[in-house]
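Student: Mind docking chains B and C on chain A? Use the hints.
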Amino acid sequence: MSLPTARQADLVPQQRRPKNQFWLSSIGFVAPGVLLVAVVLYLPFLWTTYISFTEYNGLGDPEFIGIENYRDMFADPAFLNSVLNTLYWVVGTIALPVGLGLLIAVLSHGLPNATLFRLPFLIPYALSGVAVGVIWSFVLQTNGALSQALEFFNLPGSELRWLLDAPLNTFVMIGASTWQGAGVNALLFGIGLQSIPKEPLEAARVDGASGFTLFRTMTWPMLAPLTTVVVGLSIVGSLKTFDIIWGMTKGGPGRVSETLALTMYKETFVNNAYGLGAAVALFLTVVTVLASILYLRRQLAHSRSI
Amino acid sequence: MIARKIVLAILGLLWLVPVYLLLANASKLPAEFGDYGLWEPGNIGALLTNMADAWDRGRLSQGIVSTAIYAVVSPIIAVLIGAAAGFAIVALRLRNGFFWFVVIFASTIFPLQMILMPLFVGYAETGLFNTRVGMILVYTVIATPFSAFVMRNFFTGIAHQVFEAAVMDGASTWRIFWRIYLPMSTSALVAIFILQATFIWNDLLLGLTLTQSSEIRPVITALSALQSTYGGSAMSTVLAGGLLVSLPTVILFLATQRAFSRGLSLGQF
Amino acid sequence: MRKKTTLAAAVLTAAALTLAACSGGGDGDNGDGGEGGDPTEAVLSFYTDKAAWEPSFDDMNAASEGTTATLDFTGYSDPTAYDAFIKQSFRTDDKPDLFTWHTGDSLAQLVEEGLVAPTTEIWDAAIANGDVTEELAENYTFEGEQYCVPLNVVYWVMYYNKAVFAENGIEVPTTWEEFMAAGQTLVDNGQVPLHQMNIIFEFVWFQAILAGLDPDAYNGLSDGSVSYTDPVVVEAMNIWHDMQSDGFFIDPGVTTDPQTLLQTGEVAMAYFGTFFTGQLTDLGMVSDTDYGIFTLPNVSADLDDTSVVVETGPLCVGAGSANEAAALDYSAWWMGVDAQSAWSESRGDVSFNPGATVTDTALATVTEQVNGDGFLQLRRYLEATPTPIYTVASEQFGAFVTNNGDPMAVLEAIQAEADAYWAEN
Chain A
1175 MSLPTARQAD LVPQQRRPKN QFWLSSIGFV APGVLLVAVV LYLPFLWTTY ISFTEYNGLG
1235 DPEFIGIENY RDMFADPAFL NSVLNTLYWV VGTIALPVGL GLLIAVLSHG LPNATLFRLP
1295 FLIPYALSGV AVGVIWSFVL QTNGALSQAL EFFNLPGSEL RWLLDAPLNT FVMIGASTWQ
1355 GAGVNALLFG IGLQSIPKEP LEAARVDGAS GFTLFRTMTW PMLAPLTTVV VGLSIVGSLK
1415 TFDIIWGMTK GGPGRVSETL ALTMYKETFV NNAYGLGAAV ALFLTVVTVL ASILYLRRQL
1475 AHSRSI
Chain B
119 MIARKIVLAI LGLLWLVPVY LLLANASKLP AEFGDYGLWE PGNIGALLTN MADAWDRGRL
179 SQGIVSTAIY AVVSPIIAVL IGAAAGFAIV ALRLRNGFFW FVVIFASTIF PLQMILMPLF
239 VGYAETGLFN TRVGMILVYT VIATPFSAFV MRNFFTGIAH QVFEAAVMDG ASTWRIFWRI
299 YLPMSTSALV AIFILQATFI WNDLLLGLTL TQSSEIRPVI TALSALQSTY GGSAMSTVLA
359 GGLLVSLPTV ILFLATQRAF SRGLSLGQF
Chain C
23 MRKKTTLAAA VLTAAALTLA ACSGGGDGDN GDGGEGGDPT EAVLSFYTDK AAWEPSFDDM
83 NAASEGTTAT LDFTGYSDPT AYDAFIKQSF RTDDKPDLFT WHTGDSLAQL VEEGLVAPTT
143 EIWDAAIANG DVTEELAENY TFEGEQYCVP LNVVYWVMYY NKAVFAENGI EVPTTWEEFM
203 AAGQTLVDNG QVPLHQMNII FEFVWFQAIL AGLDPDAYNG LSDGSVSYTD PVVVEAMNIW
263 HDMQSDGFFI DPGVTTDPQT LLQTGEVAMA YFGTFFTGQL TDLGMVSDTD YGIFTLPNVS
323 ADLDDTSVVV ETGPLCVGAG SANEAAALDY SAWWMGVDAQ SAWSESRGDV SFNPGATVTD
383 TALATVTEQV NGDGFLQLRR YLEATPTPIY TVASEQFGAF VTNNGDPMAV LEAIQAEADA
443 YWAEN
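Protein chains in written order, with this note's numbering: chain A, 1175 to 1480; chain B, 119 to 387; chain C, 23 to 447.
Chain A extracted, bound-state conformation:
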């Protein structure tokens, strides 16, 4: 908004900022989304928050016990191990599926038949989780497809028990999740690349920039809005990782490959400690909200000026 209106605003103390002439429609446009998530997602969350301060086994009525669940949670060594595994997942997910997704998008951008080259990376996402779980257990079981292949090529590692030993099992499962997720990131990065205006790139190219320099100085900054989406979603997604672990090790053997989402699920539904499970869920949510806001505030504040 232009300067004169800002000055006017100073003269009218009650109204700190000028009224956006579109305020009514802006509320109208945002309202459906806000209302839907409020009713369907926030209400259940409030219930979960309440449950985390109670003892509840899924039957009868919850009994208020204050912060006891939280005390139990932090005293449990398995919980701390699951925090560590979750950290592996966050770092691994940002490094591998995001990094590879960017690589695939950049390499295929502008190629003739670019979509053909990107297709192999998208197929895994389209496959149903049931089939994916079975396939990866074929690959990663002891003496499974991976070990057989390593042996065939005389490579070391064929004797490893991929899914049995920690933290190896967490690392190979991050690998499986990379296989499934890199294509989606490449797709999103691809949209970002396509929306970059051609002219400045051409100008830079005329100025002699090429290859990595061109990418670093021109493409990467202009890709920021979609990078934010991909990294933001990856942080959230990796903190919540559940399906692939539940499908392959169920958090075991013992509890060595559990992440926070698994701990939460097992405490709640397997052990019927709904209160403790809810406490883990709340901890997970607070961590995720903080991580996202820290990341997004910087990124989005930056991109808003575009």
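Hints were generated in silico from the structure; no laboratory data involved. Quick caveat, the model's predicted, so the values are computed rather than measured. Backbone N, C-alpha and C define an ideal beta-carbon position, used for all residues, glycine too. Some hints here could point you the wrong way.
Keeping only pairs whose Cα atoms sit at most 35 Å apart, straight-line, the calculated DSBU-like set for lysine-lysine is [said to hold, decoys possible]: (1) C:K184 to A:K1424; (2) A:K1372 to B:K123; (3) A:K1424 to C:K117.
Listed next, the stretches of chain B that the computed footprint assigns to chain C, with coverage defined by at least 3 CB atoms under 8 Å from CB atoms of chain C [as the list claims (entries may be wrong)]: (4) 233–242; (5) 315–328.
Residues from chain A that keep clear of chain B, each with C-beta distances beyond 12 Å, as calculated [claimed, not checked]: (6) G1234; (7) F1238; (8) A1249; (9) V1257; (10) G1331; (11) F1345.
Tutor: Chains B and C alone, transformed into the frame defined by chain A:
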């Protein structure tokens, strides 16, 4: 150019290896499964037999129609709601836009598993339990934050002059949204649609929790029944069933690829 | 222009589909044969976590036609999600008429909350009629009253590959020494003797060995009168440890279907519940030709009776459900010979009703054996153990199967949880 193609081709082939294993092992009859090595291919006849077996045993035909409705309707609504929210924040410069954005986005943060039980009780009390409307509603809500996030950021790439020029021409905000912003975002809209449609098609948790009768239940609940501990089917049948159920989403990805290759003219606005 | 029409069309289609869905949805078939109605007309809402059994329940609907109610089947594949669903459904108006559950602690919880209808009269009649043994009734008895009826019964026995036994010159073992000698022969010949898993069924070898070593100690663990660190339990654990050290078990990282492993001979034997027969049949394996079944001999030769572990799952009537009376009527029918013969035939499995015809000869033999003299039936570890203790035990056993660590550390960890549990209960 060549180097890029080679790197992509090698990576791509590596990515297809598990897909090969899926096909190879889905094409072995359960009775003969042990005779093959994991890497050996089976045969087409066995694949078809396994698929037919999975189709019958899993009663996969029952949930197909419902699942198709959920996977088409919900993402369409979610894409529009998300785009509208993004439009309000970016183009209309909604006050405290970041706050409202976080409100919508933060809802993806709650682990889905934890909202299942309260959601179930809420659905049972409002009569939404075991209805298609209820399923469309919950899938729409689940898909909305992602959609809002992508669209919000996509719209920041559209110069605000586009909006101002349209206002000068006397267009209403609805018209600007519908006629200018949405058409400019086809690739993002399509991407959100296929990603969310795939997610919904493959969802198990919500389907298991919020539905009961076979005509309302999504197909994945039937597929996963093949894997039960008690009396579950052999792995090759499960794989063949998984492959069969995945065909629509794989085809969706193939069919929509053209939308991305068409090249975006966004920069020219 | 074209783009606009496409979008508009899409939105219209969406709206139309939604409307169609509204009219098509709804939980229509809410049984109309409530209290006092004709039970043969009633349609019972029926829930189970044994989703793969749907065809058998269809067969049962055919068998019950004109006699009692029919079932409206809803199957869950994830047992965890299923348990949570059933519990929460009692908070709503959609209480299940009939549902499958687990015996032991889980059923005790439902009974305590008054969520399942008592079935004492049905049991009394069935026992008088010889449809079911009194031993089995213990699984369903809480403070003198019975709840639910048995859905099924499973005997835990040893399946073996006949060809592998023949090639290695092994006879079916009748004593523990013979069993261990057979295992050693197989190991010496480069064969893996036994199947084992580190999830779901990680506890079964602890159960098998201790039940065969000291059944009283085994039972004592479930009521806290015996400690996990008592010498006899330690001995059982050490036997298991030695068997693992001697290469008796397949690596638990091998997740190929157990039926396939037994078929190919990658394992010579697999200790499983009798439901395993169905999975072998699916692979085209023929009982008594390709594979055989024997009851695992006792570890201790001093015991009079051979210990056999029995697993039974209940079929329960939701208290206060829409069709409670019809569901109870159905439960009574379920225990009878007609229903059980139909069930046994459809599942190709054993039945709890001694009068039911079991078509598979190997299974028929086992059923007759374990219900006759010289056998002692024990509850399966999963159902016999209080849930919090079981949770820790399954984690500890899972790790033990995987790494064959220190047996004492495993037992101490479980006992720590048991101490905490029995202090409060």
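Student: Report holds if the minimum CB distance from V1257 of chain A to chain B is greater than 12 Å, and violated otherwise.
Tutor: Given a closest Cβ separation of 15 Å, the condition holds.
Student: Are 3 or more residues of the segment 233–242 of chain B near chain C, judged by a Cβ distance of less than 8 Å?
Tutor: holds (count 5)
Student: Would you check whether the claim that F1345 of chain A is not at the interface survives, using Cβ distances to chain B and the 12 Å cut-off?
Tutor: 17 Å, holds
Student: For the pair we were handed, K184 of chain C and K1424 of chain A, check the Cα-Cα distance against 35 Å.
Tutor: OK: K184 of chain C and K1424 of chain A at ~34 Å, within 35 Å.
Student: Can you take a look at whether the segment 315–328 of chain B is actually covered by chain C? Rule is 3+ residues, C-beta closer than 8 Å.
Tutor: Answer holds; 4 residues pass the 8 Å Cβ test.
Student: Holds or violated: K1424 of chain A and K117 of chain C, Cα atoms, limit 35 Å.
Tutor: 30 Å, holds
Student: Per the stated criterion, does the least C-beta distance between G1234 of chain A and chain B lie above 12 Å, as a non-interface residue requires?
Tutor: 14 Å, holds
Student: Are all beta-carbon distances from A1249 of chain A to chain B longer than 12 Å?
Tutor: Correct as stated: the minimum Cβ-Cβ distance to chain B is 22 Å, above 12 Å.
Student: Is it correct that the beta-carbon of F1238 of chain A has no partner in chain B closer than or equal to 12 Å?
Tutor: 17 Å, holds
Student: Would you assess whether G1331 of chain A, listed as outside the interface, keeps its beta-carbon beyond 12 Å of every beta-carbon in chain B?
Tutor: 16 Å, holds
Student: Are K1372 of chain A and K123 of chain B close enough, with their CA atoms no more than 35 Å apart?
Tutor: With a Cα-Cα distance of about 22 Å, the restraint between K1372 of chain A and K123 of chain B holds, given a limit of 35 Å.
Of the numbered hints given earlier, the model fails none.
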